[in-house]
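So the sequence lines, in the order shown, correspond to chains A and B.
Every letter in the first sequence is one number past the one before it in this note's numbering, and letter 96, counting from 1, is 285.
Every letter in the second sequence is one number past the one before it in this note's numbering, and letter 107, counting from 1, is 296.
There could be a bad hint or two in this list.
One copy or any two copies: either way a pair holds, since identical chains are not told apart in the list.
DMTMM-like mimics (lysine to aspartate or glutamate), calculated; alpha carbons at most 20 Å apart, straight line [to be verified]:
1. Lys345 - Glu323
2. Lys345 - Glu380
3. Lys345 - Asp326
4. Lys348 - Asp251
5. Lys194 - Asp364
6. Lys345 - Asp319
7. Lys348 - Glu380
8. Lys348 - Asp330
9. Lys348 - Glu242
10. Lys241 - Glu380
11. Lys194 - Glu380
12. Lys345 - Glu242
13. Lys194 - Asp231
14. Lys241 - Asp231
15. Lys345 - Glu199
It should be emphasised that the hints constitute simulated quantities derived from the structure, not laboratory data.
Since the model is a prediction, treat every value here as computed from it, not as a measurement.
Protein chains: 2
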Amino acid sequence: MPTIKYYLREGLLPAGELTSPNQAHYGEEHLRRLRLVRALLDVGGLSLASVKEVLGLIDAQDESLHQKLGLVQEAITTPSGAPLDPAAVDQANAYLDRLGLPREDHGVEQSRVTRRLAEALSAARQVGHDRFAELLDAYADGLRIMAEADVAYIAKHSKVDDVVEGMVVATLIGDAVLTAARRLAQVPVSERLIGTGD
Amino acid sequence: MPTIKYYLREGLLPAGELTSPNQAHYGEEHLRRLRLVRALLDVGGLSLASVKEVLGLIDAQDESLHQKLGLVQEAITTPSGAPLDPAAVDQANAYLDRLGLPREDHGVEQSRVTRRLAEALSAARQVGHDRFAELLDAYADGLRIMAEADVAYIAKHSKVDDVVEGMVVATLIGDAVLTAARRLAQVPVSERLIGTGD
Chain A
190 MPTIKYYLRE GLLPAGELTS PNQAHYGEEH LRRLRLVRAL LDVGGLSLAS VKEVLGLIDA
250 QDESLHQKLG LVQEAITTPS GAPLDPAAVD QANAYLDRLG LPREDHGVEQ SRVTRRLAEA
310 LSAARQVGHD RFAELLDAYA DGLRIMAEAD VAYIAKHSKV DDVVEGMVVA TLIGDAVLTA
370 ARRLAQVPVS ERLIGTGD
Chain B
190 MPTIKYYLRE GLLPAGELTS PNQAHYGEEH LRRLRLVRAL LDVGGLSLAS VKEVLGLIDA
250 QDESLHQKLG LVQEAITTPS GAPLDPAAVD QANAYLDRLG LPREDHGVEQ SRVTRRLAEA
310 LSAARQVGHD RFAELLDAYA DGLRIMAEAD VAYIAKHSKV DDVVEGMVVA TLIGDAVLTA
370 ARRLAQVPVS ERLIGTGD
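With the hints as constraints, model all of the structure from the sequences given.
Dropping the structure here:
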């Protein structure tokens, strides 16, 4: 297990319980932490420093699990830093309003996730798709259904490490599943709406 | 307009109608093609050779618009080439069945899009999330709603270049909008289902 030794040395895993001078016992909690560290490194592509930061957030005593999930979601999100079109920021804010998320907590200055949304809407405007946000409106019911599924998927675990690990996997691998599944879901709709037209 | 000259030289835009020995007139069709070429290069990140290939597909006489959209969707998709877990291929096939898409046309050997889906499901299995495909099942209704919105967004145009341009933008910028919007949609659900629990 060279990897585990490496994680121990880097402080990503707590030391096991010594059962003899050169043997340590690792229990269920260690296994959870190990799975989480691997998800953050391998699936999330996070640096060792970021993983340590995330583990610190998870181990903090004064935050609810919901708050921890939000902090981790931010930690695994990297905006491109592209300039934002003010009209796209308005569109992102309108989406926050729709979800009932206060702008003072979730605005583009407060949240990397919202910034990424505003960046994507800015990119759409830049290529002349000013009304792309209407598509986001039309997605709303679908997004709600998927968010319910995501949260149910991760909430079936009872330990915080498992919940966070589930969120990291569901978020990052979920992106790839979702974007591919979406293209396939378009095929029968296109066949029906466009197929025989031209 | 140095860019337009470059596109003309590379054969991505047809020559305009000569109105005098050194002036050419470019009409509405040229503008459509210009928008499409920019979407493929700038939004899609395609190479010049790929753009030419896509334009050839669009200009082919013997395919329906629906078929052209499918061919372009494939052309703008690049699987990672990661090894596929046979169980993940089964899960991807089950999704095709659900959409009514024949495996002999849309299987992992035939479609880069399906291959990408199977790659993502393989990645989930590799980190111990064997039941990730259940999440895909739970997404199904949401995905259908979004696919209807996507196709309606692109089908409001009447010219093939505009329809394809809309699809490229909606697909690629849509991925970024969707994955960010999904994270935000999780927040109120997490607050309700997880928030007060821990």
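* Of the hints given before, which are not true for this structure? -> 5, 8, 10, 11, 12 and 15
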